[in-house]
Amino acid sequence: MTSEPGGTGLIVEVPEAEPLVGAHRLELDPSAPLGVPAHITVLFPFIPAELIDTAVLGRLGELFADHPAFEVRLTRTAWFGQAVLWLAPQDPEPFRRMTSAVVAAFPHYPPYRGLHEGVTPHLTIGNECDHEHLLAAERQVAAQLPVCARADAVTLISQEADGGPWSRIASFALRA
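Using our numbering, the first residue of the sequence shown is number 48, and each one after it goes up by one.
Since the hints were made in silico from the structure, they are not lab data.
Treat the hints with care, as some may be off.
Claimed, not checked - Across the chosen pairs, the derived CB separations fall in these ranges:
hint	residue 1	residue 2	range
1	Leu182	Pro154	37 to 47 angstroms
2	Leu81	Ala148	24 to 34 angstroms
3	Glu74	Glu207	22 to 32 angstroms
4	Ala112	Gln187	16 to 26 angstroms
5	Thr122	Asp209	12 to 22 angstroms
6	Ala200	Asp100	33 to 43 angstroms
7	Ala189	Gly128	13 to 23 angstroms
8	Ala130	Pro80	24 to 34 angstroms
9	Ala200	Leu73	20 to 30 angstroms
10	Arg123	Glu74	17 to 27 angstroms
11	Cys195	Leu104	24 to 34 angstroms
12	Thr101	Trp126	34 to 44 angstroms
Everything numeric in this text was worked out from a predicted model, so none of it was measured.
Note that the Cβ used here is the ideal one computed from N, Cα and C, for glycine as well.
Go ahead and model the full structure; you've got the sequences and the hints to work with.
In structure tokens:
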């Protein structure tokens, strides 16, 4: 995740993926050493941190409580071009539904500032690194798939300073 200071994002953490991708992410994903856990993005970037208040937090809580918790199976590796290696959820629709709901509630914050057509839910392993390192990571990760997890919350994260660490601001439970 690359942001300007005060940037935020909404993610579904996938701690079950850390044993498989954690070391690769630390080497190949610039956000991992800054504290961003293995995750699938719901919306990035989101509202600047200084604009997040109790009303925004309350609205997010209500919004995510309307979405049921669900099982996540990361079943294959995939690529954006040759620069980004990622894991694909077997069923991306629950993530797309949450993204659509957040965008409907906060229309001034389209996914990735509207730079990409559509939303492709994914868990980034490596981004803009040496291609040979990405290929080696892909071979190692693909041999150990699938990763099975449960999505039961969405986390709001924030980066206070450019290049600084990311931290968790809030967590919003999905409907049990």
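Evaluated hints:
1. Leu182 / Pro154: 37 to 47 angstroms: Holds: the Cβ-Cβ distance is about 39 angstroms, inside 37 to 47 angstroms.
2. Leu81 / Ala148: 24 to 34 angstroms: holds (27 angstroms)
3. Glu74 / Glu207: 22 to 32 angstroms: holds (24 angstroms)
4. Ala112 / Gln187: 16 to 26 angstroms: Hint violated: Cβ distance 38 angstroms, outside 16 to 26 angstroms.
5. Thr122 / Asp209: 12 to 22 angstroms: Taking Cβ atoms as reference, Thr122 and Asp209 lie about 35 angstroms apart, which means the hint is violated.
6. Ala200 / Asp100: 33 to 43 angstroms: violated (21 angstroms)
7. Ala189 / Gly128: 13 to 23 angstroms: holds (18 angstroms)
8. Ala130 / Pro80: 24 to 34 angstroms: For Ala130 and Pro80 the Cβ distance comes to about 19 angstroms; the hint is violated.
9. Ala200 / Leu73: 20 to 30 angstroms: holds (24 angstroms)
10. Arg123 / Glu74: 17 to 27 angstroms: Since the Cβ atoms of Arg123 and Glu74 sit about 21 angstroms apart, the hinted range of 17 to 27 angstroms holds.
11. Cys195 / Leu104: 24 to 34 angstroms: holds (30 angstroms)
12. Thr101 / Trp126: 34 to 44 angstroms: holds (41 angstroms)
Of the numbered hints stated above, those contradicted by the structure are hints 4, 5, 6 and 8, listed in ascending order.
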